[in-house]
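S.K.: Chains as they are written, first to last, in numbering that gives the first Met the number 0: chain A, 0 to 260; chain B, 0 to 274; chain C, 0 to 155.
The set of hints was computed from the structure by calculation and includes no laboratory data. Certain hints may be false.
What the hints assert, rightly or not - Cβ-Cβ distance ranges computed for the label pairs, FRET-style:
(1) T101(B) <-> Y222(A): 47 to 55 Å
(2) F79(A) <-> R128(C): 35 to 43 Å
(3) L256(A) <-> T43(C): 27 to 35 Å
(4) E234(B) <-> T32(A): 51 to 59 Å
(5) L250(B) <-> T3(C): 50 to 58 Å
(6) D85(B) <-> F26(A): 20 to 28 Å
(7) R38(A) <-> H237(B): 53 to 61 Å
Built from N, CA and C at the ideal position, the CB exists for glycine as well.
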Amino acid sequence: MRFLLREIYYIALDFLQGVGSICLFLFRLLRYTPTALLRWRIVWQQIYSVGAMSLVLIMVSGLFVGMVMALESYHVLVKFAATAALGTGVALSILRELGPVVTALLFAGRAGTALTSEIGLMRATEQLAGMEMMAVDPVRRIVVPRFIAGAVSVPLLTMIFCAIAILGGYYVGVDLMGVDQGAFWSQMRVNVDLVDDILKSVVIKSIVFGGAISLIAVYEGYYSLPTAEGVSRATTRTVVNSSLAVLALDYLLTALLFHGA
Amino acid sequence: MAIHDLKHSDNVVEITGLKYRVGNKAIFDRLNVSIPRGKITAIMGPSGTGKTTLLRVMTGQVLADRGRVWVEGKNIARLSIDELYDLRKQMGFLFQNGALFTDNTVYENVAFPLREHTKLPENLIRHVVLMKLQAVGLRGAANLMPAELSGGMARRVALARAIALDPKIIFYDEPFTGLDPISMGVIVRLIRVLNDSLGLTSIIVSHDVEEVSSVSDHSYLISDGKVVAYGTPEELEHNKSAWVRQFMKGLADGPVPFHYPAPDYAGQLLGEEQA
Amino acid sequence: MRQTRTIEISTGFFIILGFASLFFLATQTTNIQAYSGNSGYTVTASFTNVGGLKVRAPVTMAGVHVGQVTAIHLDPRTFSAIVSMQISQRYNQIPDDSSASILTSGLLGEQYIGLTPGGSEAFLKNGSRIQLTQSAIILENLIGQLLFNKASSGSK
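Next up, chain A with everything else stripped away, as it sits in the complex (with noise of 0.2 Å):
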């Protein structure tokens, strides 16, 4: 019993110094993104490989996930005669939760592990001392730009998610089930807020969960450990700590959001 409260005694206060010291980093990343924003070809670049190149994993994942919104939707709302309200079921299921949630998890596993395991194996093979050697800062040269182009990426990625997700919920809802199609937007439009859906739900949560996805993404790496196993380690903690994080962070947003105050 002692031995079990010691322990939980110090995974708390590893805890308490994993946030700490991370929120650290966050400062200084943040002092240096103004600079980092005036190299914008950098930061371009940056968005291409962490933005664009996930961009085909999103729009597939986004149009199954709504065309199986749709589908589930509809033999519920079949047994109550209201397939009228398939749009709104589809739209608000996927704008509040599905898209922001679904996009971030999306992205830390295919971006946020490149992030991390690029900025590790830089680590390993001393290409950031290197720099370091050059007069260059590395946090500045390479950690803000890619930190920048995931806080971007992931709201751009969010927003296509979701419509392309909707887009499939319309398939298959009004082509293949036969739902009506002014039913399936009017329906939509009368319930789909623009400030409470739209604004506060998809694009302040993805902003919040891209910032969180890359600040835990480029800190692993930053800071694995300068071997092979160090990395793939830290690659590892990046995907469990952002999927953690951006689920946390979903309850805490929602329940601010749309039930504070």
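Fit chains B and C to the given chain A structure using the hints.
M.R.: The following block gives chains B and C in isolation, referenced to the frame of chain A:
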């Protein structure tokens, strides 16, 4: 010791009373080192004596626990990060594995410091890069990726990158390790030629006695955190100290015993108290 | 160099696609017209009970969506509910003696306001008040009434 004779001369690096420990292990204990300007100075010693750490102390990558480190008349420990980076623009550093950027071509690797620190137009950058690559004999490899280079070539590209900004001091971390005899000869020659033609001060960390002796003007022998011997390769060759003789000649047994400290052999075999 | 160009163009395409998606989501799937300001005129109606009517509920006429509820509040003197609704400018020829009722779409659907046209020559305009209203049907009250009637008729 011989160091004091150099006090009045023009030293690029001056280290006095350096103490540095990692955990409980003292890496350096009141170490004194001076690097004369315009010369090739080697720092030799067995593996694990902190030779590379000494380079990192000189370049400000590692801060000493105690003692003074002066580089180009500046106290490394007192510099702000910006001042340190300014100082590093006058330094070239050749990493053991080259540390080339794996995602960029040879050309872009050499161009990197120029692009970061100068606002030269593209055609001038091209001239400088080709000139540096020509100096190491790899102008023809400009469009290769680092993965396509042999170990020796990668080190030469790294050397071209290290001299891209025309530094005053160049540090070589184990430049001869893991090379075939031809590449080794090329590097030895490059170190000498670059030092003399560019007016550099070169500092080599190595344990390859033969190559170092053929290229260096002076050598420090370091062991157990202290300077054991200092002098020209000639002087070290004829040094009377048993330890120096063992190191220079590469003898298996001597003051540095062949056996790692262990309990009595017979006693351990008979005792069987532990594996 | 050529490769960098392709990368930069692809990035531009990606970013434009992202914003196009946002534009699609905002204009095609939401009630954006409710936020676009003076696109209609506001009329009010008072109900003794609004039931489950919510802000942003649709206002329809003959089943056609003509506007939406913008505010619901309680009149402190009469203790009836004042519902403000915005009617699209396109439908500016609704007789001012039209009646408003709170209806339910389907058995479990959401509540909305249905307008039934009157015969007046004058039309509803900004600030008009709809006089004839029919409150929401509260299912519990209905059931309660039914049981009460049954009980009273049984005791006779």
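S.K.: Confirm or reject each hint.
M.R.: To see whether the hints hold, each was checked on the structure:
{"no.": "1", "hint": "T101(B) <-> Y222(A): 47 to 55 Å", "verdict": "violated, 20 Å"}
{"no.": "2", "hint": "F79(A) <-> R128(C): 35 to 43 Å", "verdict": "holds, 37 Å"}
{"no.": "3", "hint": "L256(A) <-> T43(C): 27 to 35 Å", "verdict": "holds, 31 Å"}
{"no.": "4", "hint": "E234(B) <-> T32(A): 51 to 59 Å", "verdict": "holds, 56 Å"}
{"no.": "5", "hint": "L250(B) <-> T3(C): 50 to 58 Å", "verdict": "holds, 57 Å"}
{"no.": "6", "hint": "D85(B) <-> F26(A): 20 to 28 Å", "verdict": "holds, 25 Å"}
{"no.": "7", "hint": "R38(A) <-> H237(B): 53 to 61 Å", "verdict": "holds, 57 Å"}
Against the hints set out earlier in the document, a violation occurs for number 1 only.
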